[in-house]
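Chemist: Assemble the whole structure, with the sequences as input and the hints as a guide.
Chains as they are written, first to last, in numbering that gives the first Met the number 0: chain G, 0 to 387; chain P, 0 to 387; chain C, 0 to 387; chain H, 0 to 387.
It cannot be assumed that every hint is accurate.
Which copy is meant is left open, so a pair is good if it fits within one copy or across any two.
[Claimed, not checked] Below are the SDA-like pairs computed for lysine to any residue, each with C-alpha atoms no more than 20 Å apart in a straight line:
{"hint": "1", "residue 1": "K283", "residue 2": "E375"}
{"hint": "2", "residue 1": "K46", "residue 2": "S1"}
{"hint": "3", "residue 1": "K46", "residue 2": "W230"}
{"hint": "4", "residue 1": "K337", "residue 2": "D117"}
{"hint": "5", "residue 1": "K92", "residue 2": "F240"}
{"hint": "6", "residue 1": "K337", "residue 2": "R238"}
{"hint": "7", "residue 1": "K283", "residue 2": "G368"}
{"hint": "8", "residue 1": "K126", "residue 2": "E79"}
{"hint": "9", "residue 1": "K337", "residue 2": "I296"}
Derived by calculation from the structure, the hints in this document are not laboratory data.
4 protein chains.
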Amino acid sequence: MSVAVPHLLLTTGPVAAYADVLNALARPVPYDGDPAFLAFYEAVIGKLRTAMRLSSLPVILQGEAILGIEAAAASLIAREDVVLNLVSGVYGKGFAVWARRHGAEIVELQVPYNEAIDPAAVECALKARPDIRVVSVCHHETPSGTLNPVAEIGAVVAAHGGFLIVDAVSSFGGMDVHPEAVHADIFVASPSKCLGATPGLTLLGISARAWEKMRSNPGAPRASFLSLLDWEHAWRRDRPFPVTPSIAEIHGLDAALDRHLAEGPEAVWARHALTASATRAGVKALGLDLWPSREAIAAPMVTVIRVPDGLSDVAIRDTMRDRYSVLISLGRGETAGKVLRIGHMGPAAQPINAVTVVGALGGACRALGYEVRISEGCEAALAGIDSG
Amino acid sequence: MSVAVPHLLLTTGPVAAYADVLNALARPVPYDGDPAFLAFYEAVIGKLRTAMRLSSLPVILQGEAILGIEAAAASLIAREDVVLNLVSGVYGKGFAVWARRHGAEIVELQVPYNEAIDPAAVECALKARPDIRVVSVCHHETPSGTLNPVAEIGAVVAAHGGFLIVDAVSSFGGMDVHPEAVHADIFVASPSKCLGATPGLTLLGISARAWEKMRSNPGAPRASFLSLLDWEHAWRRDRPFPVTPSIAEIHGLDAALDRHLAEGPEAVWARHALTASATRAGVKALGLDLWPSREAIAAPMVTVIRVPDGLSDVAIRDTMRDRYSVLISLGRGETAGKVLRIGHMGPAAQPINAVTVVGALGGACRALGYEVRISEGCEAALAGIDSG
Amino acid sequence: MSVAVPHLLLTTGPVAAYADVLNALARPVPYDGDPAFLAFYEAVIGKLRTAMRLSSLPVILQGEAILGIEAAAASLIAREDVVLNLVSGVYGKGFAVWARRHGAEIVELQVPYNEAIDPAAVECALKARPDIRVVSVCHHETPSGTLNPVAEIGAVVAAHGGFLIVDAVSSFGGMDVHPEAVHADIFVASPSKCLGATPGLTLLGISARAWEKMRSNPGAPRASFLSLLDWEHAWRRDRPFPVTPSIAEIHGLDAALDRHLAEGPEAVWARHALTASATRAGVKALGLDLWPSREAIAAPMVTVIRVPDGLSDVAIRDTMRDRYSVLISLGRGETAGKVLRIGHMGPAAQPINAVTVVGALGGACRALGYEVRISEGCEAALAGIDSG
Amino acid sequence: MSVAVPHLLLTTGPVAAYADVLNALARPVPYDGDPAFLAFYEAVIGKLRTAMRLSSLPVILQGEAILGIEAAAASLIAREDVVLNLVSGVYGKGFAVWARRHGAEIVELQVPYNEAIDPAAVECALKARPDIRVVSVCHHETPSGTLNPVAEIGAVVAAHGGFLIVDAVSSFGGMDVHPEAVHADIFVASPSKCLGATPGLTLLGISARAWEKMRSNPGAPRASFLSLLDWEHAWRRDRPFPVTPSIAEIHGLDAALDRHLAEGPEAVWARHALTASATRAGVKALGLDLWPSREAIAAPMVTVIRVPDGLSDVAIRDTMRDRYSVLISLGRGETAGKVLRIGHMGPAAQPINAVTVVGALGGACRALGYEVRISEGCEAALAGIDSG
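Modeler: And the structure:
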């Protein structure tokens, strides 16, 4: 029996998958050693390369994106490396655990969790510690709904000669961000956010110098589920896969890439951006506050709002779900209890959802005794779409 | 576009998935924090517990079975542990890499790859080295099609007071093997072999004393994709998942367990056993040789045969595929080039497939100039079914 | 490649199907003569009987509902029969074609297409023409969004001793209407409206006296796709089906009935009713007019509104689709060009959709230069849900 | 819960559907009035036209193929027409019911049900009765497994100036037969036989003169589920569909046509032909008799064999199903009790199935006490493939 899924899933991940993806998951299972499957796998890698705008071949790891992030840390950061970890939220902070585990020393540049990293500050930090070898940054802090200026940060790191790890798990596919454009050495993306596929894989763009550094890192995992090196040549038809691929997930990814490229990345990004701006307009008109310190850093993927004074985040979430069958997400880690998060990624990136969720959110607040301006909220959300 | 899957997939994994599993993969994606999903996950854990005949709750790791095996080694084997690794094939041998990585010393008891481990030899080895703390064994050596007597070995290890890791990846679900019955402390199984689901998860049965040992092992991975400890309480509805579950795979597993329990495990085992005995009868009547030294240790899951003198394994495999649309597997590691492997797991465990594959194998040998007795082969395979 | 389906389908049929239905359509195809399929078919008939609250067995015809209506006319109406055709809309009117084709004379009782039939008028008509043998009525006039009081009409017809054909195609499953409760002799329903399955079958409840009348009607189709008599014993396992069943559609119906009964018919009806009342409240608050002459006869399945003066129905529909990805239906036949129709059947019967569609409709009107009160509309739709 | 489908379905229809078809059935349901759906429908019509090699547009009726055959009779045969009905089996005979219902007089040319119609006899019959206006023939008599020489018959009918109705329901897609090549005025085909889709639609090729004759036939159904005329312009985007299309079935047909054209019709035909010849070789070597009087008229779609003396058809069928999970069909009508039928259409048209079914059939006969030469049967089936 299927899980009873709410009518409208506006969560921060897993998100609803596109219908084409769900159908693709049901394709018959081929044998991973069959030349027909190897040719198919190569074709998927090719589509992913196109979507990632890579000059080299991307890598697919057979576990959801956190595997890719841990693998990046374990593989790229050598025992002697000093790491600059840029922290503007829960995921950036979390990376420190792995950086510390694998590196020599970790330097952190931290801003409040509703702020973004300033590239100039990164430049200062690198000047202060010329021995910094690896820099890590989370592009989209999903628990905060904020973006870091990765392209600018990447330029600074490149000028410094450092290696850059970019967590673009919840931004890739939903906006204009690509590995080489942001000077990433390892760029970690996910099929289960803006691409609208299911969780179970990590998508990685890896630079030539990152491969070289990993190969020369004796601590880099080999013969391990955490290994990136094991996968360097996985695209070659004469090599067996290091581990059995998650075949159904590869099928889903194939369909997700097909539809992403068919709709056109620019159109997909515009859909995400318009949904976000309309949602923000509606939420503000309701009389609620956005969590990001300013709209310029608010992400097109997730709209994060402060929990209204005196209300419980769980009560609002549950009321929206029970009364309107609209499900949003709570905060996470540091932002838990402080925020509510409206995801609009993949199929949920539909501008009209702004009207719906603002109505549902407004209705829940009112039902819990908190006065909001529902009429203005819906009207503003709609106007936000129309002005898009 | 789907991969063109051969008509009959008699591979050793990935194997064809049951139709109910494929359909379940296409279910809508719920949010992993939704109470409705948490209740569903708990129900799946409950079904798995029933199938595994466990008194405690099993664990699902979010990567295919090799993740579970590596995680077991990394978690259970402490820096000071002496490990006895039982080797009767490629996978047993492969475990040594992880045992060596995490333990103090590794002792190996090895037999030829067409033989099985003798429990008496295990007893001797343990007597010779009373400091052995962990024993590891692969139940079904898929590259050899041979079974080790895990229940007897388990009894010996238990009497010794050791901890036992059992790789039952390609046997669980296809025959009568369960964690507690074989005294396993960590028992590693897979949805994508005899259960007929897709690769992407590991299923683990873990004893109370294994949990205790892992908790007290400072080297056991924590905050890692390789961690078992992170998942100890994942079944609790008030805890977030350590990583996002591979939701589609959980859907598939749910359907696989439903049909496994509905058909009845005993009936499923009988289907595997009959397919195997009929296939062995047919192959021998063709005039070919089985790889296992004796039929008593031949597995009900995979029939492994020696490549006929003068023929190429690849040529036979390709001829069977191209001419008859029947796909079997080659050898792996040490057995590569020496054997051909006919998988009959999950939906492929259908006795009549014995007739089909014996015909196709015979036809391929003959086409390549090697004389076989096709009439006798098919007749014997059929008789093998009828005598079942 | 899939058809690009708008984000929100609020059409009057075909409507979006439930996810469980879509998955069921993908089940493997069994042979219709296989005893396993016959047992399954019988089980589906049993579920349908439960849903229809029938004391006898229902019939499934292998074509969408218009087949069932034509078959009912052709089978029940004999060459000598006088038929009273009750007309309150396009579908009622359309039935006259078949009544005239098969009967002796047709008497029509017609009301404007935004009105409902008065049972007292039916009583008068029957008194005026005691020779009326068959009465036909459409319960829910989908092109008008209006309901006729079928239970009361049924009582009048029963007192008269007439035979009653009820077209409940777009109401069954969405509200409390069942064959025996409305004294229907032939009750025609559909899987592809409120049950949320796909078009391709008709569901019929047939009284014992209707079977008798058909058997004694020499003109009733036999050995024909239009035949009902051919199907009288189709549920019997020892009879072959008159025509090959549309197996995938039966699979879909099975899943639709499972979920209908699992959610509970009363809960399904409440969901439809609340969506409709909230939508009506929102539409009125926008400043638009409902098509039905009074709300008491407005259906819980479809909300029909007058096209605002000076606007084009097609322009509104297209603007809603292009700008907001919300698709509604135009009028049909007599109501074409005069109305717009918002369907909320099956999965679309979600109260929060009232807010969404009122926003989208308001936005389209405004974009086309027609002033509406969007704030009030959304607010009223939400209030309509909250007061439900 | 899915119906438990036997492992190998070698039935005469419904047959197993291709995986791509099953997946397509699960696509989301669009609205039939949506321009996006109309464009899609037009594309499907275009693919069908290609597959049918038509110079005009084909028609899709929304019910399984018997609807198309009845509709052809009702539409083309006028009240004054004399019909020559060619009978070589159950379906040809069955057509007489409809011909008689709609025409003035019916002339029958009948041969034994294991024989084929001789075109010279048709020529004689037409000369004897110059007033014959319509000729009907079944190309592949599925209950007999025999083919009629439709191209030659068509040439004779064309020379006579008659109208030809061809029932190609179970041959189209499985061999080289197309409407215009056989001079058919109405050519009736099915998605659920050799195309490997599901039952629920009829595919029709209709000549310009047939359209003209139907338009001038006052008895041709109009405003009816049985109407062909209603569908003449259904492909036009500015016309509503006469009845709601069975959308899921259209999705399935779309996928079936895609894969048919991608594999290549010639390759599909070769696959059917080779499966049939290998099956016939095997069956004969078993020591059983084919039903067709000679192999030259045996169809590539179905192999029909005589029930061995003293055995029950049902017992053989049931033994094959229960013991080997291979399901074949019984006879039908006149051939019921006399024959067993092995279907190899669509995905079942796999040459290696010849070995499997010959083994299973042989095993069943032997189990029931009838001596057959199983070794020779399997060997001959395999040799049949290899000589192909």
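Chemist: With 20 Å as the alpha-carbon cut-off, assign the pair K283 and G368 to within, between, both or neither.
Modeler: Within one copy only: 18 Å inside a chain, 27 Å across chains, cut-off 20 Å.
Chemist: Between the shortest in-copy and the shortest cross-copy C-alpha distance, which are at most 20 Å for K92 and F240: within, between, both, or neither?
Modeler: Between copies, since 18 Å is at most 20 Å while 33 Å is not.
Chemist: For K337 vs R238, is the C-alpha pair at or below 20 Å within one copy, between two copies, both, or neither?
Modeler: Classified as between: cross-chain Cα gap 19 Å, same-chain 49 Å, threshold 20 Å.
Chemist: With identical chains, the pair K337 and I296 could be close in the same copy or across copies; at 20 Å between alpha carbons, which is it: within, between, both, or neither?
Modeler: Classified as within; 18 Å inside a copy, 47 Å across copies.
Chemist: At most 20 Å between C-alpha atoms: does K46 with S1 qualify within a copy, between copies, both, or neither?
Modeler: between (31 Å within a copy, 15 Å between copies)
Chemist: From the Cα coordinates, with 20 Å as the cut-off, is the pair K337 and D117 best called within, between, both, or neither?
Modeler: Cα proximity of K337 and D117: none, with 24 Å in one copy and 58 Å across.
Chemist: Could you figure out if K126 and E79 sit no more than 20 Å apart (CA to CA) within one copy, between two copies, both or neither?
Modeler: Within one copy only: 19 Å inside a chain, 44 Å across chains, cut-off 20 Å.
Chemist: Evaluate K283 and E375 at a C-alpha cut-off of 20 Å and name the case that applies: within, between, both or neither.
Modeler: The answer is both: 9 Å in one copy and 18 Å across copies each meet 20 Å.
Chemist: When no copy is specified for K46 and W230, does a C-alpha distance of 20 Å or less occur within a copy, between copies, both, or neither?
Modeler: within (18 Å within a copy, 34 Å between copies)
The structure is inconsistent with hint 4 alone, although it conforms to all the rest.
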